[in-house]
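*Asks:* So the chains spell out like this:
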Amino acid sequence: MSKINLSINLAGIQLMNPVISASGILGTTKALLRRVAENGAGAVTIKSISIQPREGHKNPTVITFEAGMLNAVGYSNPGVEKAAKEFENLQDVGVPVIASVIGTEKEDFIKVVEGLSAREFSAVEIPLSCPHTPGFGLLAGQGTPQATSDITSAVRKITKLPLFIKLSPNIPEICTIAKAAEDAGANAITAVNSMGPGMIINIEARRPILSFQVGGVTGDALRPIAIRCVYDLYKAVKIPIIGVGGISTGRHAIEMLMAGASAVGIGTAVYYRGIGVFKKVCEEMSLWMQENGFDTIHEIVGAAHD
Amino acid sequence: MSKINLSINLAGIQLMNPVISASGILGTTKALLRRVAENGAGAVTIKSISIQPREGHKNPTVITFEAGMLNAVGYSNPGVEKAAKEFENLQDVGVPVIASVIGTEKEDFIKVVEGLSAREFSAVEIPLSCPHTPGFGLLAGQGTPQATSDITSAVRKITKLPLFIKLSPNIPEICTIAKAAEDAGANAITAVNSMGPGMIINIEARRPILSFQVGGVTGDALRPIAIRCVYDLYKAVKIPIIGVGGISTGRHAIEMLMAGASAVGIGTAVYYRGIGVFKKVCEEMSLWMQENGFDTIHEIVGAAHD
Amino acid sequence: MIEQPTMVKICDIREESPNVKTFFFRLQLHFDPGQFVMIWIPLLDEKPFTISYIQGDLIGISVLKRGIFTNAFHLKRVGDIIGIRGPYGRKFNLQADSCVVGGGIGMAPLATIVDRLRNGVTIIHGARTASEILYQNRFKNMRLCTEDGALGFKGTTVDLLKEILKKQRFQKVYTCGPEKMLYRVVELCRDYGIECEVSLERYMKCGFGVCGQCDCSGQRVCIDGPVFNAEELSKMEDFGRVTITKAGERVLC
Amino acid sequence: MIEQPTMVKICDIREESPNVKTFFFRLQLHFDPGQFVMIWIPLLDEKPFTISYIQGDLIGISVLKRGIFTNAFHLKRVGDIIGIRGPYGRKFNLQADSCVVGGGIGMAPLATIVDRLRNGVTIIHGARTASEILYQNRFKNMRLCTEDGALGFKGTTVDLLKEILKKQRFQKVYTCGPEKMLYRVVELCRDYGIECEVSLERYMKCGFGVCGQCDCSGQRVCIDGPVFNAEELSKMEDFGRVTITKAGERVLC
Ligand SMILES: Cc1cc2nc3c(=O)[nH]c(=O)nc-3n(C[C@H](O)[C@H](O)[C@H](O)COP(=O)(O)OP(=O)(O)OC[C@H]3O[C@@H](n4cnc5c(N)ncnc54)[C@H](O)[C@@H]3O)c2cc1C
Ligand SMILES: Cc1cc2nc3c(=O)[nH]c(=O)nc-3n(C[C@H](O)[C@H](O)[C@H](O)COP(=O)(O)OP(=O)(O)OC[C@H]3O[C@@H](n4cnc5c(N)ncnc54)[C@H](O)[C@@H]3O)c2cc1C
Ligand SMILES: Cc1cc2nc3c(=O)[nH]c(=O)nc-3n(C[C@H](O)[C@H](O)[C@H](O)COP(=O)(O)O)c2cc1C
Ligand SMILES: Cc1cc2nc3c(=O)[nH]c(=O)nc-3n(C[C@H](O)[C@H](O)[C@H](O)COP(=O)(O)O)c2cc1C
Ligand code: FES
Ligand code: FES
Chain A
3 MSKINLSINL AGIQLMNPVI SASGILGTTK ALLRRVAENG AGAVTIKSIS
53 IQPREGHKNP TVITFEAGML NAVGYSNPGV EKAAKEFENL QDVGVPVIAS
103 VIGTEKEDFI KVVEGLSARE FSAVEIPLSC PHTPGFGLLA GQGTPQATSD
153 ITSAVRKITK LPLFIKLSPN IPEICTIAKA AEDAGANAIT AVNSMGPGMI
203 INIEARRPIL SFQVGGVTGD ALRPIAIRCV YDLYKAVKIP IIGVGGISTG
253 RHAIEMLMAG ASAVGIGTAV YYRGIGVFKK VCEEMSLWMQ ENGFDTIHEI
303 VGAAHD
Chain B
3 MSKINLSINL AGIQLMNPVI SASGILGTTK ALLRRVAENG AGAVTIKSIS
53 IQPREGHKNP TVITFEAGML NAVGYSNPGV EKAAKEFENL QDVGVPVIAS
103 VIGTEKEDFI KVVEGLSARE FSAVEIPLSC PHTPGFGLLA GQGTPQATSD
153 ITSAVRKITK LPLFIKLSPN IPEICTIAKA AEDAGANAIT AVNSMGPGMI
203 INIEARRPIL SFQVGGVTGD ALRPIAIRCV YDLYKAVKIP IIGVGGISTG
253 RHAIEMLMAG ASAVGIGTAV YYRGIGVFKK VCEEMSLWMQ ENGFDTIHEI
303 VGAAHD
Chain C
70 MIEQPTMVKI CDIREESPNV KTFFFRLQLH FDPGQFVMIW IPLLDEKPFT
120 ISYIQGDLIG ISVLKRGIFT NAFHLKRVGD IIGIRGPYGR KFNLQADSCV
170 VGGGIGMAPL ATIVDRLRNG VTIIHGARTA SEILYQNRFK NMRLCTEDGA
220 LGFKGTTVDL LKEILKKQRF QKVYTCGPEK MLYRVVELCR DYGIECEVSL
270 ERYMKCGFGV CGQCDCSGQR VCIDGPVFNA EELSKMEDFG RVTITKAGER
320 VLC
Chain D
70 MIEQPTMVKI CDIREESPNV KTFFFRLQLH FDPGQFVMIW IPLLDEKPFT
120 ISYIQGDLIG ISVLKRGIFT NAFHLKRVGD IIGIRGPYGR KFNLQADSCV
170 VGGGIGMAPL ATIVDRLRNG VTIIHGARTA SEILYQNRFK NMRLCTEDGA
220 LGFKGTTVDL LKEILKKQRF QKVYTCGPEK MLYRVVELCR DYGIECEVSL
270 ERYMKCGFGV CGQCDCSGQR VCIDGPVFNA EELSKMEDFG RVTITKAGER
320 VLC
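Protein chains in written order, with the working numbering: chain A, 3 to 308; chain B, 3 to 308; chain C, 70 to 322; chain D, 70 to 322.
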């Protein structure tokens, strides 16, 4: 497989491969980020950080069903101060680390980004798209072009790091929002966050299982929606897209790239294929590329568009 | 199981059981409706009818994936005139038959309903929610409270039949739209139509598989979303709800009833469990009800709400 | 099961007649005579075809140039890729000492029956003209007929079957071709008290029994068929009379 | 696999001590000593517990009254239902001629080891006071210790283990209890060159390795653990020092 080259340049960041661990999956500690890197991820994303510490929702917070996963963790995180301590000397991780930053007000995002700015993060990702946490994302009206534009440009002003805006698959006008982010200075779009929310009821308990009742749907169920979002976004914006949603095999990753993604994120598949999923997906991609005459990731991006 | 009683009264229609065949599944001919009835459905729905005949999209129009089904049939139907011939003497079917009516303009709905009015339909269902057919549903802006209200009241004026409005799971403000339908005289809400749209790309062909490129997602992937929609709708409207989306077992049906549905629709599961799925689901419901001390469907409806 | 096309590379093309080509490709498939697959030509359409050759993983599909799709199909060259999903539908129930009756391209789904039954089968194959006769080098001693008599018996496959039945008995008759012909074959077999299995053709969409497009009197040709026996057909009024268009309109067939 | 709670009916409750109750229910479970399950009390919370009894489909969970969740748990009566999902995590690697060292409720995950190894195991169980000692009628000849000496050896389980090691050798030591104690048991075993397996406790969310909540120096206690051997623990700086709160803050344990 010598001539196959999986490396990419994502908004100025050099990655050994295009497979990134999605935010909220194993991104709680520096030690785990390092473990994920050792397991083959081209870059890793930390669990989203807010100004104040958050305990998140009570358990159950994460369950699975026939078609994927349902979660309402509720953005539990130690707050920016503690997080800045946790994520010191990030070069130890071995691959680029992406900081996921959340907030309720525009000022919150600024404070958190500033609080983390002394650390060696390679990029900042801002999810404006959580479907199940009051005060954040969709439930805080951050899923509109205006809010997206305001928050993006505010953060743009205070950091030189590549800025990724993470969008929801729920919103019909996802392209409008992506354009707003692009115009406001975003360097990439991460598409998508979890979908829904959805609900699963235990019929013997006669109650929704998640303590928050509803949660975001991820995994296989989300993939066709995520692929469609990325396919549309590829036509709408010029900045690169990080395709996330239901990717668990090399074929899925290739499909996402052909839809128009320059890199892919993996979350739920860690459950289905273990922490080694990052390496597995890379190997499967290389094999397929070899069999189908592709040498570089670049040749695959957008291949499904005529 | 003698004392278990699955019969319900849905907006004035008497059903032997609450399991209804969803529109677009085996609803193309009277002969097939009868076959579905013989296989245990409590009521059946015809494939949606427009004024003019429609060939629909080219194949592939229906495919499956790990988490369900993706379809963009494109409302193929023979038009109201031929449909009126096809669906004569509906008492032969043996169970109540629901007419699904689509249109682009408000007048279209009226013409189709009038065209079918001489037939023995038990109810009229109006999907304002197809995510993948230009000129109809979401792509015609019918997924707004105003459009919903206009179309509903227009049809309300010209028919005495129970009127079901079928909604999309995509729309965040589904409850607002449902209320608009209720206020405009709808007798029930059918929730939900297919979700998305989604896209699946064949990576060797480097093209989306569906000829229309995108299609509605149904089956397991849709269930948690549908359950959540019905759970919310149950709190928002007083009229009964027909819960549709990913139901393939008795447990799924019970879950949907507990979320607040008075009856359930089944589509995709015909693929997974065969045309006998209607009878199977009824038997599984009866067994569960017996084991858990429920005698009637009525006792189950909304049980997940405190 | 995931119902999506798998792309295969055409590795050989055989001209069976001026209007029929057989396209070969390699694919592991659990196929039984009577079943069909859906063939996808990206950016064009997807249509049902039977498999007319199967030796291990070497598979052949014989295509009659008929309209838009099959014309495009005939333009495919060795090395081109097409999508295939399936197989779908019910198989023929094979029995020795039987007879296959194929009208035109209707010979295609019967060809694999002959391969399986070997010598235990009588082959009746007819076409309008001699040039339309298929598989002449493939099957020895076929009983041929043409409407103009240019080759073999002068008349239709039904006329020829009637002739043969005067002196010969069969366990079963398997037939495929224009539906009017099928209808008369079934009548003939009823008169002679011979079991008969027929492969029907209807316009298809899903191919796996959910969309209802392929209805024939409450039977889904894609999953309840395409093979039906005489007894089942006797309950299907549409057989020999009505087919359903892409738009779902009933039209005479 | 579908990670959702199954509701089970409590069929028996046993008072093990003033603050510990064992709740019994029936469920088919492929459980190995060392693993754990997540117990759901609807409308309240879900938390990890080990299984302390398993005979066929009769399963017991011993619960120490500690805070909000376990207090609510103790209010449950026979006939009430609770949710259970799992089992999760790695098991102990069982070997005869071994020793289990259980501090307080830490005896619970070790109890099923004793059941499996039968007589081939020495049981060291300690608590602050006599009343907190568990399973006294269940296991004969346990080597007990209490900090006030009211029952058995006066001192901690570590002190007692040290005493015993002076005259006796073991293939392995299995231990669970307060993490400070575990740390010292591991040290002790290292000094005596005895293999040691430890069951750790961390706050958990998913229980199946995706959320990262239960991290201990890069190891996920829910799926990489909860059982770790001395060699693995030697690479985990957080062991004996740091645990992570619900909010993801590092705190001394
Ligand atoms: C189960 C099954 C197996 C089949 N196997 C084969 C096969 O092995 N080889 C093969 O060549 N064909 C086979 N067919 C038929 C094949 O699918 C059609 O020939 C093809 O769809 C024609 O498509 P087209 O676009 O080229 O022609 P179209 O443009 O669709 O039609 C061209 C002309 O043919 C007529 N026609 C086309 N399809 C049908 C139909 N289904 N019923 C009646 N009239 C029709 C049209 O009325 C029109 O006059 C099979 C069909 C079915 C249902
Ligand atoms: C793998 C595993 C297996 C377990 N098995 C059992 C068992 O068999 N029986 C049993 O009784 N308990 C067991 N536990 C511990 C049990 O989950 C906790 O006792 C329970 O979460 C306490 O919840 P609570 O709401 O009652 O107390 P909380 O309100 O959560 O806490 C009450 C007090 O206990 C302390 N505390 C609670 N949980 C922890 C913790 N995880 N680490 C450190 N301190 C803590 C708190 O700091 C507080 O001081 C197990 C834990 C794990 C991780
Ligand atoms: C348990 C869990 C926690 C998550 N937490 C976050 C989060 O904190 N921030 C965020 O932006 N996305 C979060 N997500 C969404 C993922 O980053 C990702 O967008 C989504 O799961 C879709 O990808 P997947 O199908 O590969 O899981 C979370 C997802 C899961 C399953
Ligand atoms: C092949 C197919 C065709 C459909 N056609 C229609 C239609 O014509 N009109 C309509 O209102 N819904 C249509 N639907 C949506 C279904 O009625 C139903 O709302 C949806 O499939 C969700 O239910 P399920 O998950 O049980 O399939 C169609 C669905 C499928 C899979
Ligand atoms: S083609 Fe869809 S049911 Fe037969
Ligand atoms: S509890 Fe989620 S990873 Fe361990």
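Just so you know, not all the hints are guaranteed correct.
[What the hints assert, rightly or not] In silico contact screen, one side only, chain B against chain C (beta carbon under 7 Å); selected entries:
| hint | residue |
| --- | --- |
| 1 | Ile27 |
| 2 | Leu34 |
| 3 | Arg37 |
| 4 | Asn41 |
| 5 | Arg56 |
| 6 | Ile65 |
| 7 | Phe67 |
| 8 | Ser78 |
| 9 | Glu83 |
| 10 | Lys84 |
| 11 | Asn91 |
| 12 | Ser119 |
| 13 | Glu206 |
| 14 | Ala207 |
| 15 | Arg209 |
| 16 | Val272 |
[Said to hold, decoys possible] Here are some chain D residues the structure puts well away from chain A; computed CB gaps all over 10 Å:
| hint | residue |
| --- | --- |
| 17 | Glu115 |
| 18 | Arg159 |
| 19 | Thr198 |
| 20 | Gly278 |
| 21 | Ala316 |
[To be verified] Pairwise CB distance ranges (calculated):
| hint | chain 1 | residue 1 | chain 2 | residue 2 | range |
| --- | --- | --- | --- | --- | --- |
| 22 | D | Thr314 | B | Asp152 | 49 to 59 Å |
| 23 | C | Arg95 | B | Gly276 | 46 to 56 Å |
| 24 | A | Glu301 | C | Gln240 | 56 to 66 Å |
| 25 | B | Tyr274 | D | Gly125 | 46 to 56 Å |
| 26 | C | Arg95 | D | Gly189 | 58 to 68 Å |
| 27 | D | Asn298 | A | Glu90 | 26 to 36 Å |
| 28 | A | His300 | C | Arg95 | 52 to 62 Å |
| 29 | B | Gly276 | C | Arg83 | 43 to 53 Å |
| 30 | A | Asp297 | C | Gly189 | 47 to 57 Å |
| 31 | D | Glu301 | A | Thr106 | 34 to 44 Å |
| 32 | C | Val147 | B | Tyr274 | 56 to 66 Å |
| 33 | D | Lys223 | A | Glu90 | 44 to 54 Å |
Just so you know, the hints here were simulated from the structure itself, not pulled from any lab data. All C-beta atoms in this analysis are idealised placements derived from N, C-alpha and C, irrespective of residue type, glycine included.
*Asks:* For each hint, tell me whether it holds in the structure or not.
*Replies:* For each hint, the structure was consulted:
Hint status for Ile27/B: holds, given a least beta-carbon distance of 5 Å to chain C, under 7 Å. Interface restraint check for Leu34/B: the shortest CB-CB distance to chain C comes to about 5 Å, inside 7 Å, so the restraint holds. Restraint check, Arg37/B versus chain C: the minimum CB separation of about 4 Å is within 7 Å; hint holds. Below 7 Å, beta-carbon pairs count as interface contacts, and Asn41/B has none with chain C, the closest being about 11 Å; its hint is therefore violated.
Annotation: Arg56/B was flagged as interfacial toward chain C, and the flag holds, the nearest CB pair being 6 Å apart, inside 7 Å. Annotation: interface hint on Ile65/B holds; nearest CB of chain C at approximately 5 Å, less than 7 Å. Restraint check, Phe67/B versus chain C: the minimum CB separation of about 6 Å is within 7 Å; hint holds. Taken as an interface hint, Ser78/B checks out: its beta carbon lies about 6 Å from the nearest beta carbon of chain C, inside 7 Å.
Of the supplied interface hints, the one on Glu83/B is violated, with its beta-carbon coming no nearer than about 10 Å to a beta-carbon of chain C, more than 7 Å. At its closest, the beta carbon of Lys84/B sits 5 Å from a beta carbon of chain C; the interface hint therefore holds under the 7 Å criterion. Taken as an interface hint, Asn91/B does not check out: its beta carbon lies about 15 Å from the nearest beta carbon of chain C, beyond 7 Å. Proximity of Ser119/B to chain C is violated relative to the hint, the smallest CB-CB distance being about 20 Å (cut-off 7 Å).
Hint status for Glu206/B: holds, given a least beta-carbon distance of 4 Å to chain C, under 7 Å. Because the beta carbon of Ala207/B sits about 5 Å from the nearest beta carbon in chain C, less than 7 Å, this interface hint is met. The interface hint given for Arg209/B is met, as the beta carbon of that residue sits about 5 Å from the closest beta carbon of chain C, less than 7 Å. A hinted interface residue such as Val272/B counts as satisfied when its beta carbon comes closer than 7 Å to some beta carbon of chain C; here the least separation is about 5 Å, so the hint holds.
For Glu115/D, the condition that its CB be more than 10 Å from all CB atoms of chain A is violated, with the nearest at approximately 4 Å. For Arg159/D, the shortest C-beta to C-beta distance to chain A comes to about 13 Å, beyond the 10 Å cut-off, and the non-interface label holds. Residue placement check: Thr198/D keeps its beta carbon more than 10 Å from all beta carbons of chain A (closest about 32 Å). A cut-off of 10 Å between C-beta atoms contradicts the statement that Gly278/D is not in contact with chain A; the least separation is 7 Å.
The Cβ of Ala316/D does not lie farther than 10 Å from every Cβ of chain A; its closest approach is about 4 Å, which violates its non-interface assignment. The hinted window of 49 to 59 Å between Thr314/D and Asp152/B holds, with their beta carbons roughly 54 Å apart. Separated by about 32 Å at the C-beta atoms, Arg95/C and Gly276/B break the suggested range of 46 to 56 Å. A hinted range of 56 to 66 Å for the beta carbons of Glu301/A and Gln240/C is consistent with their spacing of about 58 Å.
Checked against the hint of 46 to 56 Å, the pair Tyr274/B and Gly125/D fails, with Cβ atoms roughly 34 Å apart. At roughly 59 Å, the beta-carbon separation of Arg95/C and Gly189/D lies within the given 58 to 68 Å, and the hint holds. Taken as a hint, the range 26 to 36 Å holds for the pair Asn298/D and Glu90/A, whose Cβ atoms sit roughly 30 Å apart. At about 31 Å, the beta-carbon gap between His300/A and Arg95/C misses the expected band of 52 to 62 Å.
Gly276/B and Arg83/C have their C-beta atoms about 38 Å apart, which leaves the hinted 43 to 53 Å range violated. In this structure, Asp297/A and Gly189/C meet the distance hint of 47 to 57 Å, their C-beta atoms being roughly 55 Å apart. Evaluation of the 34 to 44 Å hint for Glu301/D and Thr106/A yields a pass: the beta carbon distance comes to about 41 Å. Here the CB-CB span from Val147/C to Tyr274/B is close to 38 Å, at odds with the stated 56 to 66 Å.
Checking the proposed 44 to 54 Å range against Lys223/D and Glu90/A shows it holds: the Cβ atoms sit about 45 Å from each other.
Of the hints listed earlier, those the structure fails to meet are numbers 4, 9, 11, 12, 17, 20, 21, 23, 25, 28, 29, 32, in rising order.
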